[in-house]
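K.L.:
Each chain, written out:
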Amino acid sequence: MKVERGKISGSQLMALLVLTRLVPVTIEFPSVTGINPPQDAWVSSLGATLLSIPVILLMAHLSLKYSDKTIIEYSQLLLGNFFGKIVGFVLVWYWLSVAATMLRSVGDAYTTAIMPETPILAFIITMALLGANAARSGLEVVGRLGEVNMLVVILFVLLTLSLPYKVMSFENLLPVLARGIKPIMLPMGTAISFFVEFIILGMVVPCLNDTGALIRSSLGAVAISGAVMTAFTVVLIAVFGPTLSSLMLPAFSLARMISIGEFLERLEVIPMGAWTITVAITLAFFFWASAVGMAQLFGLRRFQSLVYPLAAISVAFSILFFESFLDLELYFNEVWVAYSLSVTLGITIILYVAALVRGRSSASGKVTRLCRRNR
Amino acid sequence: MLRSLPRLLGKICSVSKPGGTKNDSVGKPLSKSCPMPKKVKVKEAFIRQAFGNSSDLVVRELHVGPGGKFTVLMVYLDGLVDKAIISENMIERISDRADRCRTPGQAYDDLKNRIIAVSDVKETGNLYDFLNYVARGYCGLVMDDVPKALVADTRGWAQRNIEEPTTEATIRGAKEGFVETLRTNTALLRRRVKHPRLRIEEYDIGTISKTSVAVAYISGLADEKVVQEVRNRLGRINVDSIQESGQVEELIEDAPFSPFPTILRTERPDKVAGALFEGRIAILTDGTPFVLIVPVTLTMFLTTPEDYFERTFIGSALRAIRYLAFFTSLTLPSLYVAVTTFHQEMLPTPLVLNIASQREGVPFPAVVEALLMEVLFEILREAGVRLPKIVGPAVSIIGALVIGEAAMRAGLVSPIMVVVVATTGIASFATPVFSLAIGARLLRFIMLLLAGSLGFFGIVAGLFGLAIHLTSLRSFGVPFMEPIAPILVSEFKDLLARVPWWAMHTRPALVGHEDLVRQGRDQKPGAPDSPSRRLADKKQI
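Here the protein sequences line up with chains A and B, keeping their order. First residue of the first sequence: 199, per the working numbering; consecutive thereafter. First residue of the second sequence: 91, per the working numbering; consecutive thereafter.
Quick caveat, the hints were computed from the structure, so don't treat them as lab data. Just to be clear, a hint being listed does not mean it is correct.
[To be verified] Below, computed lysine-lysine pairings styled on DSSO-like, alpha-carbon distance capped at 27 Å:
hint, chain 1, residue 1, chain 2, residue 2
1, A, 205, B, 315
2, B, 583, A, 205
3, B, 583, A, 200
[Said to hold, decoys possible] So the derived list for chain A, only partly shown, Cβ under 10 Å to chain B, looks like this:
hint, residue
4, 209
5, 324
6, 327
7, 328
8, 331
9, 332
10, 335
11, 340
12, 441
13, 467
14, 473
15, 475
We put the beta carbon where it would ideally sit given N, CA and C, even for glycine.
Whole structure, please, built from the sequences with the hints as guidance.
P.N.:
Rendered as structure tokens:
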């Protein structure tokens, strides 16, 4: 019984993964680095990208072992019904909480920077509706939207990064690592903790029309989003220098610097448009994953009816979890790293070990056969 | 026999029987439940009762055989038949030649095989069929003592001449458009596709109206599965009447509640022929010049035949302008409202001051002003379509001068808003297909409300919601947004730019995959000694 019948291609998966990374990269990450002086932030971006590659390879490898099952299904296969379901619930919770933080951060960004008088719920509910609407149409639609819009968003990002070329001074980047590697450790952890959201791969693999593309597209996604993140940090440092750490939303501040021929000025709408698209698709992806996961946990035949309730729950979370934008920043600085890393890495490692153990012991022939076939 | 008349008539004339009408709707004749009675008087009584006292029913009695022994009844509907054929090829010949036969059976055979000089003569033993043929313009012949009847194709009625299509004008391209007669329309297609592989399948849809609906496709190019799907969807239609292809469209489309049409309609034979060559399927309906094309994509709605007939750069430029116009007609008023209400900082200061000074004294917020003008424009447009041609210019003068100018003077709207609304209106007329233009017009109001409440965020959210909807649409199995979502690089040849014909090697991949290659790669022209020509000539030798 398949809950999701749609198929997506490798490049669509890559687009989706890149988009899920762009929101943290451009809204959340720069504001939470907290590096002082900020000139080494790009080193931490680069380092985080490189360090997250093995983690993601591990996740991809695990999913490939059970390429016809979602992570919700094979965790029950590996850990037994009870513990497997617990893992499944934790994952659904994790995706919902990621969606909630994303809703909150984009809502806060908009109320802070563009329309301070509009209540934050107007943004949050609109975004959640968009995401849920797309998720209801299935992964196929989400993938196709992602594929096209990634190109649009990357174009927007490149525009934002290149247009303020007049005010960039790359001397701001020097000296590199003046205080050693220690101050960038925590920011690096934060960056990695965003990358591990890729555990959503476990839901997508059965829907890939070519499972061989999994490794290629997830590594491609890491490369693209890592490059964007590093370029973004470099440009921010070049434009703002040491004042960077005091900016709440550097992307907006960057877009304000744009002025084309004294006709188009203060193009905050560029990052805003890009964020709206990105967040909506990312939300759709996470809502889809949690709805499908939920449907599989309870043995439902359709996931569509779960999407709107789950979206409503994450809207409620986004309001209840945080009191203010500062609260959100605090969460990212102090809670998020430990939470995200322990959930995703913990589950991946537990499942991987279980798969190895089960694969070796001949007692569970079913799993062994599965492993062999997929190898 | 005569006593069973009411019961039999009940069988013939009951058209809304749920069980009996199912077969009927796909064009198969009813079962042999109404056999032909033997006596000619009974037959006449049946026929006259079936049509009631219709004044256009003509029943002419002729006498054939030695001494006029046998009676032949000639039945037709006046106005549906060609009187010249009736009198010259039937009446004249029957009364001249049909006096040698001895038995009614012989007379019947003589009539069928030798005497009636009409190209298509059919035989039927079923009264129900017989009546249906007569209702369609055939001339029916019944005889005493023969339980069969002859129907001769004498159809001929007044029809509109083939004219230039009024709703889809082009500068370059064929000037002929479809008319209301199905047969003429299929002929127009045949003249453009002179190959036996062009298949035309006809069905009768509508239990009372019995409208002929034809499915045309090129066998070997169109996907047989899609053709079957079209047949299935047409087959499950069970309504009493079809008057226009729009009704067929609504009964077979994929997304009945979408503001966007997922079936393309056109009255240009060249457009339909072009679609057939790509492997698409046309659905022609009798009684309307509008022909449906499936499966289609959104980009096809923004395409005109001219794009393909003009030189490639011109064609591509025209298409780019049309895309821009479509986008403008969808978003320009909402962009204006968003910028002036929420994001004044985006504009250069002089322009902002200019707008502000113009808007001074306007009592409404920009969004109300825009809605007011848009509604006014829509009313004017609708009135312009409905009005007789003589009054039309008067309305445009009133609309343009009195309302536009006076509303500005009265301080109800700002001049720049008039500019915005007028631009939007003109842009919406640049959309070649009316049904898509209407969709965009309706969505424009939603976009306006979103922009008025949430600014740019509202516009982006609205556009993205639209993108979600469009991406989830399908037209007979083909993604509606192809080749944009999913991205199909091979189809970019016909998206924004239209590549030259010599480079259009393949048909659209998702539609014409049965026979993908359209032409060879050696079609690039050039002077006699240019490399491409040399290559092509070498291949030909």
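K.L.:
Each of the hints needs a verdict: does it hold here or not?
P.N.:
Structure-based check of all given hints:
1. A/205 / B/315: holds (21 Å)
2. B/583 / A/205: holds (25 Å)
3. B/583 / A/200: violated (37 Å)
4. 209: holds (8 Å)
5. 324: holds (5 Å)
6. 327: Where the cut-off is 10 Å and the nearest Cβ of chain B is about 8 Å from residue 327 of chain A, the hint holds.
7. 328: holds (6 Å)
8. 331: Hint holds; residue 331 of chain A Cβ to chain B Cβ min 5 Å, cut 10 Å.
9. 332: This interface hint holds because 5 Å falls under the 10 Å limit.
10. 335: holds (4 Å)
11. 340: Where the cut-off is 10 Å and the nearest Cβ of chain B is about 9 Å from residue 340 of chain A, the hint holds.
12. 441: violated (21 Å)
13. 467: holds (5 Å)
14. 473: holds (9 Å)
15. 475: holds (6 Å)
In summary, the numbered hints that this structure violates are 3 and 12.
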